[in-house]
Amino acid sequence: MDLRLPSKVLEHIFSFVDSNEDRNSVSLVCKSWFETERLTRKRVFVRNCYAVTPAAVARRFPGMRSLTLKGKPHFADYNLVPDGWGGYAWPWIEAMAEKSPSLEELRLKRMVVTDECLEKIAASFKDFKVLVLTSCEGFSTDGLAAIAVACRNLTELELRECIVEDLGGDWLSYFPETLTSLVSLDFSCLDSEVKLSDLERLVSRSPNLKSLKLNRAVSLHALGSLLCLAPQLVELGTGSFSDKLDQEAVSKLAQVFTELKELKSLSGLWDVLPEYIPLLYSVCPGLTSLNLSYATVQMPDLVELLSRCSNLQKLWVMDLIEDKGLEVVASSCKELRELRVFPSGADVDETNVALTEQGLVYVSEACPNLESVLYFCAQFTNAALVTIAKNRPNLKCFRLCVIEPFASDHETHQPLDEGFKAIVESCKDLQRLSVSGLLTDKAFEHIGRHGKKLKMLSIAFAGDSDLMLHHLLSGCESLNKLEIRDCPFGDTALLENAAKLETMRSLWMSSCGVSFGACKLLSEKMPKLNVEVIDEHSPETRPDSSPVEKIYIYRTVAGPRMDMPEFVWTKHKNPEIGVSHLAIE
Amino acid sequence: MENSNSYSPYSSSSVDSTKPSPSESSVNLSLSLTFPSTSSQRETSQDWPPIKPRLRDTLKGLRLRQRGYHRALFVKVYMEGVPIGRKLDLSTFSSYESLLENLSHMFDTSVICGKRDIKHHVLTYQDKDGDWMMVGDIPWDMFLETVRRLKITRPERC
Numbered sequence: 001m002d003l004r005l006p007s008k009v010l011e012h013i014f015s016f017v018d019s020n021e022d023r024n025s026v027s028l029v030c031k032s033w034f035e036t037e038r039l040t041r042k043r044v045f046v047r048n049c050y051a052v053t054p055a056a057v058a059r060r061f062p063g064m065r066s067l068t069l070k071g072k073p074h075f076a077d078y079n080l081v082p083d084g085w086g087g088y089a090w091p092w093i094e095a096m097a098e099k100s101p102s103l104e105e106l107r108l109k110r111m112v113v114t115d116e117c118l119e120k121i122a123a124s125f126k127d128f129k130v131l132v133l134t135s136c137e138g139f140s141t142d143g144l145a146a147i148a149v150a151c152r153n154l155t156e157l158e159l160r161e162c163i164v165e166d167l168g169g170d171w172l173s174y175f176p177e178t179l180t181s182l183v184s185l186d187f188s189c190l191d192s193e194v195k196l197s198d199l200e201r202l203v204s205r206s207p208n209l210k211s212l213k214l215n216r217a218v219s220l221h222a223l224g225s226l227l228c229l230a231p232q233l234v235e236l237g238t239g240s241f242s243d244k245l246d247q248e249a250v251s252k253l254a255q256v257f258t259e260l261k262e263l264k265s266l267s268g269l270w271d272v273l274p275e276y277i278p279l280l281y282s283v284c285p286g287l288t289s290l291n292l293s294y295a296t297v298q299m300p301d302l303v304e305l306l307s308r309c310s311n312l313q314k315l316w317v318m319d320l321i322e323d324k325g326l327e328v329v330a331s332s333c334k335e336l337r338e339l340r341v342f343p344s345g346a347d348v349d350e351t352n353v354a355l356t357e358q359g360l361v362y363v364s365e366a367c368p369n370l371e372s373v374l375y376f377c378a379q380f381t382n383a384a385l386v387t388i389a390k391n392r393p394n395l396k397c398f399r400l401c402v403i404e405p406f407a408s409d410h411e412t413h414q415p416l417d418e419g420f421k422a423i424v425e426s427c428k429d430l431q432r433l434s435v436s437g438l439l440t441d442k443a444f445e446h447i448g449r450h451g452k453k454l455k456m457l458s459i460a461f462a463g464d465s466d467l468m469l470h471h472l473l474s475g476c477e478s479l480n481k482l483e484i485r486d487c488p489f490g491d492t493a494l495l496e497n498a499a500k501l502e503t504m505r506s507l508w509m510s511s512c513g514v515s516f517g518a519c520k521l522l523s524e525k526m527p528k529l530n531v532e533v534i535d536e537h538s539p540e541t542r543p544d545s546s547p548v549e550k551i552y553i554y555r556t557v558a559g560p561r562m563d564m565p566e567f568v569w570t571k572h573k574n575p576e577i578g579v580s581h582l583a584i585e
Numbered sequence: 001m002e003n004s005n006s007y008s009p010y011s012s013s014s015v016d017s018t019k020p021s022p023s024e025s026s027v028n029l030s031l032s033l034t035f036p037s038t039s040s041q042r043e044t045s046q047d048w049p050p051i052k053p054r055l056r057d058t059l060k061g062l063r064l065r066q067r068g069y070h071r072a073l074f075v076k077v078y079m080e081g082v083p084i085g086r087k088l089d090l091s092t093f094s095s096y097e098s099l100l101e102n103l104s105h106m107f108d109t110s111v112i113c114g115k116r117d118i119k120h121h122v123l124t125y126q127d128k129d130g131d132w133m134m135v136g137d138i139p140w141d142m143f144l145e146t147v148r149r150l151k152i153t154r155p156e157r158c
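So the protein sequences, as listed, match chains A and B. Taken in order, the first sequence gives residues 1 to 585; the numbers are from full-length UniProt numbering. Taken in order, the second sequence gives residues 1 to 158; the numbers are from full-length UniProt numbering.
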């Protein structure tokens, strides 16, 4: 008796399976399910662009409409990955242009995107709709012009924190008069001024525009006229908020803000002057997301603003908010889910003392839905960590950066082991953790024992020995991404737990004690991993026992990559460096 | 664990037998651990604390403005063809416009930023890498961090 469901039925059932995690599970059931699933998958997410080849992805998912790719490792955000390492978008775009010309959406993160790439997209995908580039680099405003002019059905163009060669603001003027489909435009990372009249015309002919994020060069004056044309905005990123306006202009602007009835998210606010903060009061009650990372105002002004944001769910702010300000947030923003507090002093010695661990304690006490935290602070205590853990067992993401490396509990002078132990013990669903301050191997023993749901872990300046790495690799069952810098190990731990590395997406270690010899051994032992040694000073001229600068290890079915620069060493690229007794052929 | 020794992760009092041999590795490691990270050639650390580049640049500007006193930033200014230069405190200007206005006054001619022009004098600067660049491309705060000297070029030469 043939128990197989006809593929049409399967297709219909699978159309209800949305998440890629579920689709991945579905595809493992049997061959016919695999086939039906792959032919019907529309959204493909490749979390490491070197884990699989573009050709393989194109072959497997012929119906692909949306592709999301991630390139460089996370620590590239902090300048730890040298220029030229890789993460090129070109091979992917080239392959998709050939095999999936119906591609409509492309989302790239930490990849090198050139003008050629953008031109190729513009020329190849007739129904292209969405381009979102996050932390990408390698292109200029000329490439943007190519997209603007050619993509007739463009709905989203977002440049989030990209490094763009800015040749001027002309690119915006290339959007044709016939383009009326725009829903989201984000050019906040560009420096040049765009032509205001062209921007105004674009906004007026985009009735579906919901999200507009301007760059710093757009003046406050210009903002006023733009908002008149788009009162339906849900997300707004202002430009510079510091021009001197006359009284009439100010009241006009205030009026315009009261018309923004749908506004949920506000960002930008560069250099906002205190006297302009009241302009924002009318939108505060409706806001669910507020990004004040660039708003360099002091605590009293921040408090005036935040006390009116009763529905706020996401707050990004500088430590200028101080403990006092966070106390107000705690009492006013009961719906808060995500809090990020950034350091206003860019150097180690310039941290703002009025923000301490107490600020975070207040928020953890009063905000029942708080589940994601990123907190930069000069100092911390175990007691505070224990309290936070007790208050908020529902934390999913906890990233604490005590700015001074090796800083101990500033009251007891103990390591912060006990504090982080409380966090991992109490927060059973914790998926992402960044630790800092003075930490011994014991802290990692606790993390290994309790951090069972932990997927991503970031460590800097911590631990005493290889035991630290061993605890993590042998204990954290769900560990997917591990990134470590400036920690004193770990040949032994790495080799002992080599098999674990195949169950993880990637491991990054820089300025640690991993030797060249260990890397070679690991390469031999684990053929399904790419073991990359990133070292600008030829490691093969040094003894095997000498530590290498950086290593990046990731599982892959694509084999060795073809685009490695000089300073990246792998067994495949440099076969002469293979372990001698195995180099038989 | 003893407090007094715990600040140095390489203290020999650690009893862990899996620790790598101290002789070679600790020498290299202690060098790399003089934070901020030494992997960058720049003077200030570009990778600690871990914040993204755009935020880091914004904060640099903020720091300059927050200083109660105005730290003077004197740079030499030369007009091409004129051997004797002038000195100018850039910290007294808040933007490119005010700088250009002042220079035009100081050198009694029209000085502009941007595209080369057969009529006007164009302002260029030497950055901290030693390269000569057009003034006006980068945000003012970033410019203050990197400028070392100024040169006003003659119209024909550009």
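Just so you know, not all the hints are guaranteed correct.
Distance ranges between label pairs, derived from CB positions [claimed, not checked]:
hint : chain 1 : residue 1 : chain 2 : residue 2 : range
1    : B       : Arg86     : A       : Asn153    : 35 to 45 Å
2    : A       : His572    : B       : Glu97     : 36 to 46 Å
3    : A       : Ser197    : B       : Pro155    : 46 to 56 Å
4    : A       : Lys195    : B       : Pro155    : 53 to 63 Å
5    : A       : Pro278    : B       : Gly81     : 21 to 31 Å
6    : B       : Cys113    : A       : Ser474    : 57 to 67 Å
7    : B       : Leu73     : A       : Gly63     : 52 to 62 Å
8    : A       : His537    : B       : His105    : 23 to 33 Å
9    : B       : Glu80     : A       : Asn153    : 31 to 41 Å
10   : A       : Gln298    : B       : Gly114    : 34 to 44 Å
Read the hints as simulated data drawn from the structure, not as lab findings. Think of the CB as a built atom: it goes at the ideal place given N, C-alpha and C, for glycine as much as any other residue.
We went through each hint and held it up to the structure:
1. The hinted window of 35 to 45 Å between Arg86/B and Asn153/A is violated, with their beta carbons roughly 56 Å apart.
2. Between His572/A and Glu97/B the beta carbon distance is about 56 Å. The supplied range of 36 to 46 Å is therefore violated.
3. For the pair Ser197/A and Pro155/B, the supplied restraint of 46 to 56 Å is violated, since their beta-carbon distance comes to about 31 Å.
4. For Lys195/A and Pro155/B, the Cβ-Cβ distance of about 27 Å falls outside the hinted range of 53 to 63 Å, so the restraint is violated.
5. Between Pro278/A and Gly81/B the beta carbons are some 53 Å apart, a value that contradicts the proposed interval 21 to 31 Å.
6. Between Cys113/B and Ser474/A the C-beta distance comes to about 60 Å, which sits within the given range of 57 to 67 Å.
7. The hinted range of 52 to 62 Å is satisfied by Leu73/B and Gly63/A, whose Cβ atoms lie roughly 59 Å apart.
8. One distance hint, 23 to 33 Å for the beta-carbon pair His537/A and His105/B, is violated here, with the actual separation near 51 Å.
9. Glu80/B and Asn153/A have their C-beta atoms about 52 Å apart, which leaves the hinted 31 to 41 Å range violated.
10. Taking 34 to 44 Å as the suggested C-beta distance range, the pair Gln298/A and Gly114/B conforms, at roughly 36 Å.
Consistency with the previously given hints fails for numbers 1, 2, 3, 4, 5, 8 and 9, ordered from lowest to highest.
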